Amino acid sequence: MTRREGSAFSGLGVVFLKEFADQLSGTRMRLLEALIVLTAMATIYAAIQTIKNVVGEDVFLFLRLFTTAKEPLPSFVAFAGFLVPLLAIALGFDAVNGEFQRRTLGRVLSQPIYRDALLFGKYLAGLATLALVLLAVWLLVTGLGILFTGLAPSGEEVARSLLYLAATLAYGGVWLAVALFFSVVFKSPTTSALAAIGVWLFFTVFWGMIAGLLAPVISPVHYGFPEEVLRQAQTELALARIAPSTLYAEATLALLQPEVRALGPVLPAQLEGMVLGTPLPLSQSVLLVWPQFAGLIAASVLFFTLAYVVFQRMEIRA
Amino acid sequence: MMAAIETKGLTKRYGRLVAVEDLDLVVERGEVFGILGPNGSGKTTTILMLLGLTEPSAGTVRVLGRDPVREPLKVKRRVGYLPDTVGFYDELSGRENLRYTAALNGMRGPAVEARIEELLGQMGLLDAADRPVRTYSRGMKQRLGLADVLLKEPELVILDEPTLGLDPQAAHEFLTLIRSLKERGLTVLLSSHLLHQVQAITDRVGLFRKGRMELVGSVPELAKRVLGGAYRIRVRAEGEGLEAALGAIPGVIRVRREPGGYLLETERDLRPDVARAVVREGGRLFALELEEPSLDEVYRAYFEEVKRDAA
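So the sequence lines, in the order shown, correspond to chains A and B.
Read in order, the letters of the first sequence are residues 101 to 418 in the working numbering.
Read in order, the letters of the second sequence are residues 698 to 1008 in the working numbering.
The reader is advised that the hints may include incorrect statements.
To be verified - Not the full set, but computed from the structure, chain A residues with beta-carbon under 10 Å of chain B:
1. Lys118
2. Phe120
3. Asp122
4. Arg207
To be verified - Chain A residues, not near chain B, derived (Cβ > 12 Å throughout):
5. Leu173
6. Phe179
7. Ile246
8. Glu415
Hints in this document: simulated from the structure, not taken from any laboratory.
Owing to the predicted nature of the structure, the values given are computational and were not obtained by experimental measurement.
For every residue, glycine included, the Cβ atom is placed at its ideal position computed from N, Cα and C.
Can you make the complete structure from the sequences, with help from the hints?
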């Protein structure tokens, strides 16, 4: 068969703008914004209460805003790790089957665009919406921080928190792609929402336990040699890293806590000459989380590709 | 000039189920062609293949001289399609829905707004143009669908069950709109199972059954082939021995008794001969009318015949 004619992206901009406008004007968005803003304010306020006492003792005070928890509230980072996947799923779970239900799919696909443009436009619109929300929250947090502590963030703190934002977006992108995939696979939006949330729960809650159970089976410790123990720990970590939430947690940790120097088991020999507790320069932290970043993007690409393949073969008749 | 639609040996299989089998269809430019058949006879599958929305299992398709599988964008730019259950974005207004379609077709600028306004006017939707589509009635949505189809100024319009779910008045109005497309020089392909409506607006029809198009032609042609006689004359008359006398007229194929008279199937318009025969036999003639065969009858007779043959 000859190559098909025309660009796969004609109409992409049109689909993107329409979907973006839909996302921003929808009721769903209002609810999610309210939820995110409330949690941001509550956690930041709580964090400020805690760190007010240590002002001047910490070089990276601003980053502590994100990571400090005060009972009973978890830290902002913990909240975001929990809410962002939900937000992403909410933005994507009915992307394709919603069109199918409204019977607009046939009409739209009979216009001179490829299916690629529709799917990719929807994904990009979801990602842009997510980016917009995250940026707004970031500004809110920074603003509140300046207001309550009276300190301006340093350049490195801004850079680190923006990188954290980028990591969060990449993490959200994974769940958006998962939601998009299920919206192609299942005809009913309810089913696709449940399936996406199910996968998210599985990886966030259960995968860690399963990794813990599987590691001794794959790399058993027979005689108690240090090598065996180390291998088992490495196996467990490798398994855990299949879950996007693990990758995201590691990226967050290294970006927002500059003193973190390794993500995984460290041997005493490697600690020689190391000054513990001193922060890493930004470039080194970025180097440390680069694989995690790449992993998150790869997971998005994987799920988007799956969605794409299924969508191309989908029968559009009711 | 090339035909608007031309298929050869077009076949679509879903696993072991054959949805469309060996379809040879030619629709000339400027023609209104109706594809008819019971549900599940392959009408919609055929339409989707013409648009390149479903890939054929075998055979070739040419729409406006192009292959919809290999050059889908070129085909879709010139073909308007109204699905059987047309849907719009409910929260957007009719005008905004049309704007989206225009943008997807790469149409921009003030000319587009004027075109949208004109089409909304033609469809009688100007008053509702800025209301969300969720407040529209079924008939209004259907008319918005037609506006949506005509927006890109297509050369060929494909309508799948355009009158489905419309009340008789709305259906009639909608069909008048469709018929007016022919006057603009458009080619129209429509599918339906509402036969008397299709008869009123089509030039030719194709009868589908179990994935095969079994009969093609204009309604009188089909009537001749299926019903035998192309003409039917209804005689209201009383008198002795009329049945035999009527049957003896050259050109009469069949005489059937009806309450108050007879129904004749004839090869030609034999009304003068029938009148003469009744008078000659001393019968009393009340009325004499030539009846156009309806597509309903053709359809029923054809499918009954097929069923009998199968039994």
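Cross-check of the supplied hints:
At a threshold of 10 Å, the smallest CB-CB gap from Lys118 (chain A) to chain B is about 6 Å, leaving the interface hint in force. With its C-beta approaching chain B no nearer than about 13 Å, Phe120 (chain A) sits outside the 10 Å limit, and its interface hint is violated. Of the supplied interface hints, the one on Asp122 (chain A) holds, with its beta-carbon coming within about 8 Å of a beta-carbon of chain B, less than 10 Å. Given the 10 Å rule on beta carbons, the hint for Arg207 (chain A) holds: about 6 Å separates it from the nearest Cβ of chain B.
The beta carbon of Leu173 (chain A) is kept farther than 12 Å from every beta carbon of chain B, the shortest such distance being approximately 36 Å. Residue placement check: Phe179 (chain A) keeps its beta carbon more than 12 Å from all beta carbons of chain B (closest about 31 Å). For Ile246 (chain A), the non-interface assignment is confirmed: its Cβ lies about 39 Å from the closest Cβ of chain B, beyond the 12 Å cut-off. The Cβ of Glu415 (chain A) does not lie farther than 12 Å from every Cβ of chain B; its closest approach is about 7 Å, which violates its non-interface assignment.
In this structure, the hints that do not hold are numbers 2, 8, in rising order.
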